[in-house]
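These protein sequence lines map, in sequence, to chains A and B.
Positions 1 to 275 (our numbering) are the ones given, in order, by the first sequence.
Positions 1001 to 1309 (our numbering) are the ones given, in order, by the second sequence.
To be clear, the hints were calculated from the coordinates, so they are not data collected in a lab.
Treat the hints with care, as some may be off.
[Claimed, not checked] In silico contact screen, one side only, chain A against chain B (beta carbon under 7 Å); selected entries: (1) P11; (2) L73; (3) G107; (4) P110; (5) I133; (6) V219; (7) Q261.
Every residue, glycine too, gets a C-beta built ideally from N, C-alpha and C.
Below, each chain spelled out in residue letters.
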Amino acid sequence: MIIVSFLCLFPLIHILAVSLSGSAPATANIVGLWPVDFTIDAYERTLANENFLRALWVSVNRVVLGTIVSMGLLLCAAYALSKSDRDFKGRKIYMWFFVFTMLFNGGLVPTYIVVTRLGLGDSIWALVLPPAINAFNMILLLNFFRTSVPKSLEESAFIDGAGHFKIFLKIYLPISVPAIATISLFTMVFHWNSWFDGLIYNTNAANYPLQTFLQTIVVQQDFSNVDVDAEMMRNLSQRTVQAAQIFISALPMLIVYPFLQRFFVKGIVLGADKE
Amino acid sequence: MAKPKSKPSSPQRWDFKQTWPLHVLVWPAVIVALVFQYGPMFGIVMAFQDYRPWLGFLGSEWVGFKHFITMFEYDYARQVIWNTLVISVLKLVFGLIVPLAFALLLNEVYHMKFKRTVQTIVYLPYFLSWVILGGMLIDILSPTGGIINQFLGIFGIDPIFFLGSNDWFRTTVVISDLWKETGFNTIVFLAAITVVNPNLYEAAVVDGANRWKQTWHITLPSMRPIIIVVATLSLGNILNAGFDQIFNLYNPLVYQTGDIIDTYVYRVGLVSGDFSYGTAVGLFKSFIGLILIVLGYHLAYRYANWRIF
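Let the sequences and hints guide you as you build the complete structure.
Have a look at this one:
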């Protein structure tokens, strides 16, 4: 079991060690799990790299905007759909409308054509809007609404003259903070880790989010998209700098995931164990 | 849904005649889904046309099933479908067995702190993107000085080009997939173990069952529903061999064994700009996927009483 844990961690530790080593030992492949010629030079260079910072900024924007838009839409819809079929005529139709998106999709090429034809190419909306409605998250939210909000509370508010909007804002949202936090975190992780949409919808590499930037630099080893001069090229292609970039991109997840873990376990149970 | 029915005769019954606010709340989400989920579904007509962007959907020529016929007659396309099936079946089998075995082992650990630490560590790669994991793998698996090959070198094994050899690519894909996903599935199974009725174990101990017998006769049968659910629901993913992973690991050297439907669609559809053919291949995949998902949901409901909402 210790071996399995080690195997899971070892690539990460190795990359961290490489990123903290001098470039000579890294190029000579003598770095194992501990840095050789310790230096934070690679991090200084990465954080001084304008392209990297710009990509980081795009990613931060994307995560914030994407989470707000997605949660706004999902919460409103989940509130309405958490009502019973009798109370909300047409609920079934809406429900199937959303569930069907989990079963079938148009596929890559038609989606690409729709998004670009709407003129969203090279804009952050191409990354935020298409994945905004996640039917699975919506179902988790509405199940939470159904099981956690006391019906009597709602009814007494209604008798006191509150309408749906008021009940939604003043009763449902405050009671559901844990669920909202959980699904928001799901959404943030999704947006932080996404890279493919950044690659296909942006013709201008300056709009790449961080993971897409990393993908072209580290995985494809393709520098043609990113306008770099010879000096920067040397820096980018250096093993220690690449390791530092990988590590910085992984860092937010490494920091939040121990907290996330608990939420996710609950989320899984919430999603799997009904009735 | 187990939901108490509100009593219709109750004098305080909530009058829901005015449901317009509910419609108002649903519509923004409906519109976004209509545009970005359903819009592309209508775009599927491209698969039956020779789509030319400047002519649009209305102007392009209709060609019926031409692109589908091309796909089935083209050896390379068949190879791609085969690769997809092989890779995802391997992933499905190992992705079920390894986490299950690991969860059973972890369940035997009584040192709670140790157990939780192992769980946390194994779960970690799940949160990292395939771009990050791909970047790491490319570094550590490099045939020229990657740390894995250096390690193998100690035993006198020649460097292996894991990501560039058709003999090794699938193995590498399956193992790296286990690296990322095992933690997640282990937690699903561990959650299932915790709900097993402890009385059963006590009774078994009285009857003289050892740990192994308890696992075999109590734990595993109790987990049958969750195993069935996980297995049947993965059925719908049988044509998703993992685009993110393959895309970040493969290269032209391993197209023969590693090119899957999704990566193929990306290359012919978007890179080469053969929109119609790409859509046709994608539609074939989505359509089979739809059938398998519905089948999977049906089986999961039938054998494990699981339902989506």
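Going down the list of hints, with the structure as the test:
Here the hint on P11/A is kept, as its CB sits about 5 Å from the closest CB of chain B, short of 7 Å. With 7 Å as the threshold, the beta carbon of L73/A comes within range of chain B, its nearest partner Cβ sitting at about 4 Å, so the hint holds. The beta carbon of G107/A comes within 3 Å of a beta carbon in chain B, closer than 7 Å, and the hint placing it at the interface holds. Among the interface hints, the one on P110/A holds; its C-beta lies about 3 Å from the nearest C-beta in chain B, closer than the 7 Å criterion.
For the restraint placing I133/A at the interface with chain B, the shortest Cβ-Cβ distance is roughly 5 Å, inside the 7 Å limit, so the hint holds. Taken as an interface hint, V219/A checks out: its beta carbon lies about 5 Å from the nearest beta carbon of chain B, inside 7 Å. The beta carbon of Q261/A is positioned within 7 Å of a beta carbon in chain B (closest approach about 6 Å), and the interface hint is therefore held.
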